[in-house]
Every structure is written in structure tokens, then in C-alpha cells.
Amino acid sequence: MIGFDGLQEILFTIKQNKLRTLLTAFGVFWGILMLILLLGAGTGMQNGVESQWGGDPDDAIFFVPGTTSVPYKGLSVGRQIELTQSDMQTIKQQVAGIRYISSENQLGSFRQAGSIITYKDKSTNVAVFGISDDFFNIKPHIEFPFGRQTNPYDTDESRKITVLGTRVAERLFPKEFDPVGEQVNVNGITLKIVGIFWDKGWEGRLSERLYMPLSAYQKIYGSGETVNLIVARITSDYDPAEKEKEVLELLQRRHNIAPDDRRAIHSWNVAEQTGETRAIFTGIDMFIWFVGLGTLMAGIVGVSNIMIITVKDRTQEIGVRKALGATPVSIVGTLMVESIMITAIAGYTGLVLGVAILELVAYLLNALNLSFAFFKNPEVNFQVAITALLLLIGVGAVAGLYPSLKAARIMPVEAMRAE
Amino acid sequence: MIELKAIHKSYSTGQQQVHVLKGVDMFVAEGELVSIMGSSGSGKSTLLNIIGILDHYDSGHYRLAGTPINGLTERKAAYLRNRMIGFIFQAFNLLPFKNAMENVALPLYYMKVGRKERNRRAMEYLEMLNLTDRWNHMPNELSGGQKQRVAIARALVTQPKVILADEPTGALDSVTSQEIVEVLKNIHDLGNTIIVVTHEHEIAEQTQRQIILHDGLISSNEVDADILPIRA
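Here the protein sequences line up with chains P and G, keeping their order.
According to my numbering, the first sequence is numbered sequentially starting from 1.
According to my numbering, the second sequence is numbered sequentially starting from 1001.
Worth flagging that the hints you see were computed from the coordinates, not collected in a lab.
Warning: the hint list may mix true and false statements.
Incomplete in silico selection of chain P near chain G, CB under 10 Å [claimed, not checked]: (1) Lys-15; (2) Leu-19; (3) Val-270; (4) Thr-315; (5) Gln-316; (6) Glu-317; (7) Arg-321; (8) Leu-324; (9) Gly-325; (10) Thr-327; (11) Val-329; (12) Ser-330; (13) Gly-333; (14) Ala-408; (15) Val-413; (16) Glu-414.
This one's a predicted model, so the numbers in the text were calculated from it and none came from an experiment.
Don't be surprised by glycine CBs; every beta carbon is placed ideally from N, CA and C.
Model the full structure from these sequences, guided by the hints.
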């Protein structure tokens, strides 16, 4: 319908109305640009907050022992609670819907990398953890660039093996080096590396650890049956909060703890923690879409307006063209293509610039090593951006369609008479 | 070539109905040079617009080169305007952002002639009207007479059956007017059928036949003595 000639016709008229074209184009450009930047900023905030999380799945529940604060059954306050492996066994047997259950034991004080790990002439700090089976099933987001997870045989035979975090491995081994099979010395004990893991939780700080089978840990460090933390994942047909309560009550009964004692055993579930934040983000997301679509609407109204004015302005010209033999199809087609071309080019420019700005911000944040707790990796869903662009182009075209159809239908005499 | 029978046309301006043409009968043979005269408001331009399919008529019959012009689709109307009719306007109606050659070539664009061929034919007609050296001038760089000659070239370029000129000298001085009339006469000599609407006697007198329109009806249909016999 529109060949090279048609295109030339369109370029002529665009050149003829530079300011008008520019203003329309700017409206579209700005609408798309703002939408992209808003969506990007929203994702950036979300990424920032999510990177602060442990990365544990939503169906995980946690139990950490503390000291009693309420006297109960003749026992006084201040009693240190010790959770044990038999607690884990009981939970698994008596509570329905437990998918995986595992435990952590940490050497030294909580959340501190208090041990020294040595490989040949290099050494660094590391947090040493003993873990029971199923631990890596509870943390499915953990990746293994080299080697493997611990397995039940490691536990059964109390093998002196370890799975080492990437942050520790980076300090001990050259880049791209596969350390599987190497021996490292941890506080005077020799361990064989069977795998290297990457845990993105807490911005990667969870990768400053080493894990070994609980049985080996207990033998080496003499921790007996006690565990520092019990973690479980429940099947999807149960509510995490209810299961947390059920397990907590079971543990309270087993350890003679008052039901209202909040300090004896600390418990939490991931769903509840992330749920609140997610709700906030859903709100922010909706707000961003509202503002973005508003901006987009402004662009659409702009395009529609300009199309109506364009057609009105050119009615006389349309009359002359009709007198010379222009068909309605050629007139409507020319006007449509003009509208679509302007919105498409302007919108695409806005899209590209928006993505470029987001990329630049992300690049600068990385290059300058800036890390904000609430902003990270701004990015935009390209499909969403393209949909917005197509919507804008489509509505622009429809907006131009009505006046151009009208103009194409009136008699040439009337059209030429219009001023 | 052109047959009109009992053509009626009225316009509604707000509340009022203005009956412009009240039953016009008219016949123009092939190769004729005819003028339509009349005072302003007599309906002569309306008549020409109906002949040129630029306007509808309310009742009556109109046949152009044997084709009944009635209830045409826009497509068909566009086709007939393009192939059968060359229109010359009082206000020239050149597109201001196209140079002389592009203006002349425009009807050929709607005829789907290729660009090169279009420009070649446009140049041919510009040459015929002594405008070869002005081909790349924009309309605002041309004098009134030159503009009207460009418009005439544009009307001729599709080799239509009929040339219709609505007050072609209305916007020009007397010397230039005579120049344009000479051009129209030359075109007529090449065998074209031409209808000129004018209110100037000097111009009408140079045509073969003068049709005088008075108050929406043809009052006089004076045939020049040396004209070819008209077939009824």
C-alpha cells in the first residue's frame, strides 16, 4: 500500500510540520521513557531488598534455642534450652507435613567467622558449620560451581570432608582453580574439599562459611547431641505459620517450657517475613503502574490530539489530492503511516534511552562499588516495555483513524473550501 | 462526451435550503471548447464541480463519456477523477511543499505510474507550457501565470477526456489572463474537450460556445457559427 513514493510523501509532510511532529514525538518519547525508568527503579528497589534476604524458600520454618523467662513446673527462669537431634526425630515423626528437616551447629559465637582455614601458605577466616542431612534440600538456591553436596554416606561414615563457600575459596585458591580433592586445615583438623558452593543470601555473606557433616562435626568438636538451629520445610498443603506454632508447642512440651515463654525458643517462618515486604512491593508496583500508565495516557492523548489537528490542517490538501484522483485508502493509509511512524520512532527512542539509562546506573553502581540496601540492579521487563510501546502506537493509530476516515469521505469541494 | 439532464442541486446553510441548480440540461460534444457564463451565485461553479465529480447532485442524470455518474463508490469516483477529468482551479491549488515537477506528477502517482516515468511525463508537459527552466521551483517562487500553467500541466498530464477550468483567470491580471486563454486554445487545438467557467466576456467570446446560466437554469446556449455540427 505504501511504497517508496508513499514514504516520500510522508517525509515531505513531516518536514513541513517540524514543530508539531517534534512535540508529538516528544510526548510519546517522554511517556515511554518515564514508564521504563519507573519500572526499572521499582525492580531496582525490589532487587535491593531481596538481596538482603537469606534466600530461604517461603515454606521454611526456623527454631533457635534461648533461655527461659517464665517459671514453669517448678523450674526457674534463666534455664538454657538445648535442642537435640532427638527433637528433630520427634518432629519428623509427630508433625504431619514436614518435608525436610535439618540442623545447623556453629563453632564459636553466632554469625561470626571465628575459625582459621589454611591451604598451603594461605589462610583466612571462616565460620564452621556442622549440618545434618537434607540441609541443601532446605536451601535449594545454593549453587555448586565445583564438586557436590554432602550426602548421607558422609554422615554415616563421619567423613572428614567439607563443602566450602566461594568467598572463602576465592581467598585460598587461584581463579578458575577447581579445589575439589584438595586438603585444607581448619583449626588444626585436616578436611578434604568435596564441593564449592555459592549462596547469594545476605548479599553473599552466607558464602563465607564451610559446611561439614554433623556426625564428623560432633566427633571433632565433641558437641554431643545438641544442635544450634533446627530448620524444616513443610509441604505446600499446610500453612507455614500454623506448622511453626505446632512444632513450637511440641518443643515446649518436650523441654518443659511455659507456653507463653517467648525467649526459651525463638521461632520464625520465611513466608511471614517476606510476606509483609512482598505486600509493600505489590503496593509500590501498583503505584508505579498507575503513574506509568498515567504518563502513557498523556502521551496517547497527545498523539490523538495532534492527529486530529493534523487532519484538520490538511483537509484542504486532502481535497486537492482527492480532486486529482486520490483514493480514500491512499489518504487514510498515508495519514496512518505518518502517525505510526512518528509514535514508533519516538517510542522506540524512549525505550532505548530508558534501558540505556538503567544500564548506566547499574554499571555505575557496580563500577563505583556502591551498594545501597534498598537499590540494586535496576532492570526492566522488556516484554512489558514492548507491550507498552505497541499499545501506544496502536492507540495513536486508532486516534488518527477516525478523523482521517472522515476527511477521506467528504466531497473534494467541501474539503477544498475548508480553511 | 458530457450529458446532463434535469440536474438539481441545493445546499442547506443552517436552517435555509438554497436551491442552486433547478434542472439543468446540457450537452458537450467531444473536442468542444465551451464556456459557462453567469453572475456570481448563478450556480456555474457548482455545475462545474458536479461535472468534475467533486460534488454530488440531488436529482437528474449525468453521463460522462457514457458512464452514468450516480451513487459511485469513493474508489470508483477517485478512479474517474484521476483518468477522465483534469481540473484547473481559480486558486491554482498547487501543493506548497512540492516543486513544479512534483505537482504536475502527482495525478500520475495516484495512477500508480513509477517515479521515473512520472517525472519524465511531467517534464514533457512543463516543456509544452514553457516551464522547463522552472521545474524545480516551489509554488511560492512562481508568478500567478506560471502557477496556473503548472496547474494546467497537472490537469493535462493524465491525458483526461475533459479539462474543466473554474475561473482559471480569476486571480490573474488581463495580460496574463490572455496568456492562459491562449494556452487553453492551444490545448483545444490538440483535440481536447474543455469547459471553462468564467464571468469575463472577453474570455467567453474566445470559446466556441457560451452557455449562460441564470438563477440555476440555462438561459442561453449560443452556438458559434463556425463550430462543428453538434450531434444531439
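| request: Output the numbers, in ascending order, of every earlier hint that fails for this structure. | output: 2, 3, 4 and 13
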